[in-house]
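Trainee: So the chains spell out like this:
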Amino acid sequence: MAKKYDAIIIGGGHNGLICAAYLAKAGKDVLVLEKRHIVGGAAVTEEIYPGFKFSVCSYVVSLFRPHIVRELNLAQHGYDIIPMDSSFQPLHNDVGLCRWGDGARSRREIARFSKHDSEVYGEFGKVMTHMARLAKEVIDHPAPDVASINPKELASLLRMGKVFKNLGPEMLQMNTKLLTMSSADFLDLWFESEVLKGPMAVSGVIGTFLGVRSPGTAYVLLHHYMGELDGAFRSWGFSKGGTGGVSDACASAARSYGVEIRTEVAVSHVKIVNGKAKGVVLANGDEIESKIVISNLDPNRTYLKMIGENNLDADITTEIKRFKMRGSSGKVNFALSGLPQFCKGREGDEYMRGDIAIVPNVDYLEKAYDQAKYGEFSERPFINIVIPSLTDPTLAPPGKHVMSCFVQYAPFDIKEGPEHWPQLSEKFGDAVQATIKEYVPDFDSLVLHRQVVTPWDMQETFGLTEGNIFQGELTLEQLLFQRPIAGYAKYKTPIDGLWMCGSGTHPGGGIMGSGGELSAKTILNDKAI
Amino acid sequence: MSKVDVIVIGGGHNGLTTATMLAKKGKSVVLLEKRNILGGIAAGEEFHPGYSTSGLLHDTSAVRSNVIKELGLEGHGLVVKNTRPTVSILADDGRSIELNGDTATAAQNIAKISEKDGKAYTDYRAFLDKISKVINDLFDNPPPGIDVENLTMSSLVMLAKKGLALKGLGKKTMLELLKVTPMCLNDFLSEKFETEFLKAGIAGPAIYGTYAGPWSAYSTVNLLIWECAARNTIIGGPQALVEALEKAAKQAGVTIRTEAEVEKILLDDNDDEKVKGVRLKGGEVIEATTIAASCTPKITFLELFDPFEIDYDLDYWIDKVRSRGTTAKVNIALNKQLELNGAAVEFARTGNTFDEMEKSFDPVKYREITTAPILDIHVPSMSNAGLAPSGHSVVSVLVHHAPYNFEAGWSEEEKSKLKDSVLKQLEKYSPGIYDAVEGVEVLSPLDLESRYSLTEGHIYHGEHFVDQLVTRPIPSCAQYDTPIKGLYLCGSGSHPGGGITCAPGSFAAKAILK
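Protein chains in written order, with the numbering used here: chain A, 1 to 529; chain B, 1001 to 1514.
Hints are computed from structural coordinates only; laboratory data are not their basis. Quick reminder that beta carbons are idealized off the backbone N, C-alpha and C, glycines included. Hints may be right or wrong, so weigh each one.
Claimed, not checked - Sample of chain A residues at the chain B side, in silico, Cβ under 7 Å:
1. Gly125
2. Met128
3. Met181
4. Leu189
5. Ser193
6. Arg213
7. Glu366
8. Gln371
9. Glu376
10. Glu477
11. Lys490
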C-alpha cells in the first residue's frame, strides 16, 4: 500500500515551502507537490536567455519576516540579501531625483525640487515608521475574527484596540487618514513637489487595481516602511542569485527537516470523502493519501478547482467568487549587452544599484491608471526597474546585465478579452521599451533579449488567477478576517482537513513568508496532525 | 456695543436650527447673515426675471424628522411626506426608470427593463432596511466621543459595545456591511444589478460632493449613508424648509440680522483661548460668551481669526481638511413644461454607465472639465408652480464634475462652454430644449464660493470621505465645541455632514446647552 503522509502541500511557492519546513521541523511527514520543473512559484530565478538569470516575476525582497530566517536557519541554506541603497527617478532634461539610505543625502537631493519637502522628509519617515511598527503587530499574528463572540477573539480585538492607546490623538487621526485616504492626498498633507510625490505615491498602488488618487491606497505606503531585513527597518534588497534564491533556501531548509519535494507533479483536485480531505488526486489520475492537505494556491483555485463547487455550499461559492483577483501588472525582463545610462549628469553607476522608478509625477501615474480602468494597458506605464547584475555579477556574463522591469498598469481583463493577451504581448513590450527609450535613447541597441510576462502568462504559467501577484487584491475588504472570506480567515477551509497557506490568506502577498509560517503554527496548535 | 448670550454666524438651515433651539431654551440669540436673504444653500432665488429656484441643493429627503418635530416646523407651514421622492433615472437611449419612493412600485418599474434587477432592487432595499438603524443612529446622535488621551478599559468596553451594536444586525448582515463599506460603487452595485443606467442612477448621490468617481474605493459608504438617511419629501423643496425655519426662529425670539457680515471673531482680553464676541464689517462689535459658526470650518478658523492667533495644530489640521469643489450649478428658465425621455418628472439623474461617470470625473484630477457632465436635475416648478410663469418651468441642474481649481480659469467663456455642454446633455433626454430656453444662469464652483461662502466651492463644507466623517471636521472639533472656549461649530463641516439635514445645527445646540 502506498505511503500516507501527514500533510501534502499543493504548490511549492515560498509559503508552501515554509509551511512544509515548519511542519517537518515539528516531526511531521510532509510532501510538497509542484507543477512546474522548479520550486518557488512567483519567486523563481530562470535562465531565460543563455548566461542571463532573470527573477522572472517577483524581484525584490523586503517584508520577509526575520524570525522565519532565524527559526528555519535559512541563512545556512543560502538565504542572502544584498541591500538596496537607493531609489532613482529619472527625469527629462534633469539629473533626476535619487533618494538614498542616507537621509541627509536624500534631503539634499529633494531640496533641489522643494526646500519645504526636504525639511519635512525626515519627519514623515519618522511618523510612517512609527505607524509601520503598529502594522507589524497585525501581520505577525493571525487575524482576529470580528464576527465571533468567542471571548478569546474579543480579547485579541481588545489587544489590538490597546495598541491605539499608545498612539495619542494626533497619531490616531493620522492613522485613520492613512487607512482611508488616497496615497496622493495623504502625501499632499506633507509635500508639495510633484517630482517627489510621484515615486513616493507609487508604493501605494503596486499590485493593486487602484490609482494613486483612489482612496484606501495610502496605507499601502506603509509597506514601504515595513520593509524589514534582518530586523533593520526600511530596507529592501535583492536576493543573491535572484528571488529564486529565497525559494531555494526555503526548499533546502525544508529538505533538511525531511520534507519530500516533487516537481512536475500537477494536482487535479483534493480527494474529498464525506466532507473530509483525504489526500490529492494528480492530473495523471494517481492518488496520494494524507491526513491533511494544505493548498498554497490562490483562493480561487483552491476553492473552485481543488475543492470544486459541488463540494461547497452555494453561499461559500458566491463569496469566493466575490473575492477580487484582478491582476494589474506585467513584467518585462531584458538581457542587455551593456549598462544603460539613465542620466547624463551623474557619474558612476551607484544611482542605478537600487531601483529606478519611471514615474515623473503624480498625474503621469494617474493617467496610466485611467487607461487601465477602461481595459487598456498603459501606453506610458509606471515602470520599476532593477539591474540586479550590478550588485550580483553571478546573474549575467561579465560586462553584461539583466534588467528587470515591473510594469503597471496591465489589466488582466483587457477590453479585447484576457485570452487576447498573447497577441498583445509584444505590443505591450514595445510600449515599455519605448518608455525606457525616452530616458535611455540608445536603449534598443543594448537589448539582446526581451521576455514579456503579461498577466495572462502569470495565470497560465505561474498559476496566479487573473495574474494577481498577491493572490487576490489587497483592498481593505479583502484583508484580515476577510482574507479570503469571513469565517475562513485562519487558514481553514470549509473542508475538514484542507488548509491554506498562500498569499491569498492573512496577511497577504509579497515575499513575506507569513502565510506559510502562521498556517503551519495554526495547524500545529490545533493539533490537526 | 450690544451683548447677547449666543451669536450664530450664518443664516443657512443649520444656523437657523441652532439659533431657534437655543432661543427656545431662553437664550438671547442673534443670528448674523452676510447676504440679504436667509437660507444659504437652501435659499430659493430669482435667477431670471419671473423664474426662481428653490435652493442651490435639491435634496431635502434627509431632513431629520426629530428636528422638524422639535422646532414645530409643521405648525409653521411645512408639509412633509414620510416617503422618499420619486426620481427618474435617465438613459441616453431614451429609456428611463421611475425609481419610486415606494420600493414595491420601484421594483415593478425596474422589472419592466430587467426582471432580474427588479428582484435585486427588492433585496437591495431589504439590506438597506436591515442596516438602516445603525446608519440612522449616526445621523440622530452626535458622534461617539472617544477620549483617546485617556483611553481606559471602560472606554474600550464602550467601543466594544459599539461593536456589539453592529452585531445586533445579525452575523450575516454585519459581515456583509463590513465587506461592502470599503468597496467602490462599481463593484458593489455590479454584484447586484445588470442594467447599466440603473446602476449609474442609483450611484449618483454617492459621488456628489466627493472627490471621487464610481471606481473610487469607499464610495459605497456614501451610498449606504444617503440611502438610509433619505426618508422624507418636503413639499416645495429647500425654500419651503427655510421659510418654516425663519418663522420658527422669529417666534422663538431670535434676532435675525441680514447683511451683517462677521469680519472677525474676537478673543477675550485676558484669555486668548476664549471668545468675547464678533466684529462686523463696518466696525460694530457684538459681545457674547458663546458663538456658533455655521460657516465652513476653514472660514471659521482661517479667515475669522488673524494669522497666528490660534493654536498651530488647530490651524494646521483645519487647513488640511479636503474641500475640493467639483460641482457647478446651471439654472434654466424654460418657456414650456420640461419632459425628460417623454415624461414630466420633478427629480431626475443621469449617468448612463459607470465608465461614463468615471470618465466625467477623470479630467477633474488634472484640473480640467468634462464635456459630458453627470446631471442631477430638479424641476421645482412641478411642485411649486409659483416659481415660473404659468406653463413654463424652472430646471435646476447640479453639474458633476466641474473642478474649482480649473486650469483654464473660470472665465465667462468657460462658463458659457459649461452651459453648452449641459444643454447638449439635456437635449439627449429632451429634444428641442434649446428653443425653449428663456434664460440660463451658470454658477461655477468659484461663483458658489463667493455667493454662498463655500470654501473652494464645496457644497458640503468638506468632502464626505471616511476620514472626514464622524470625526468631522477634525477630531479636536468633532463634538461641536472647539479648542477655543465658547466657540462652537454648527454647520455642514460637522458631523454628520453636508446636504440639507439640519442635524449638525441641532447637535451643536445640544452641545452648547450641555
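Trainee: For every hint, state whether the structure bears it out.
Mentor: Each hint tested on the structure:
Hint status for glycine 125 of chain A relative to chain B: violated, with the closest Cβ pair at about 19 Å, above 7 Å. Residue-level restraint check for methionine 128 of chain A is violated (minimum Cβ-Cβ distance to chain B is 16 Å; threshold 7 Å). Interface hint status for methionine 181 of chain A: upheld, as the beta-carbon distance to the closest one in chain B is roughly 6 Å, under 7 Å. For leucine 189 of chain A, the interface hint holds, since its Cβ comes within 7 Å of a Cβ in chain B; the closest pair sits about 5 Å apart.
Given hint, serine 193 of chain A at the interface with chain B, is violated; its Cβ is 17 Å from that chain's nearest Cβ, farther than 7 Å. With a least beta-carbon distance of about 6 Å to chain B, the hint placing arginine 213 of chain A at the interface is held under the 7 Å criterion. The beta carbon of glutamate 366 of chain A is positioned within 7 Å of a beta carbon in chain B (closest approach about 6 Å), and the interface hint is therefore held. The beta carbon of glutamine 371 of chain A comes no nearer than 10 Å to any beta carbon in chain B, farther than 7 Å, and the hint placing it at the interface is violated.
With a cut of 7 Å, the hint placing glutamate 376 of chain A at the interface with chain B is violated, because the nearest CB-to-CB distance is about 12 Å. For glutamate 477 of chain A, the shortest C-beta to C-beta distance to chain B is roughly 5 Å, which falls under 7 Å, so the interface hint holds. Because the smallest distance between the Cβ of lysine 490 of chain A and any Cβ of chain B comes to about 15 Å, over 7 Å, the interface hint for this residue is violated.
Of the numbered hints listed earlier, those contradicted by the structure are 1, 2, 5, 8, 9 and 11.
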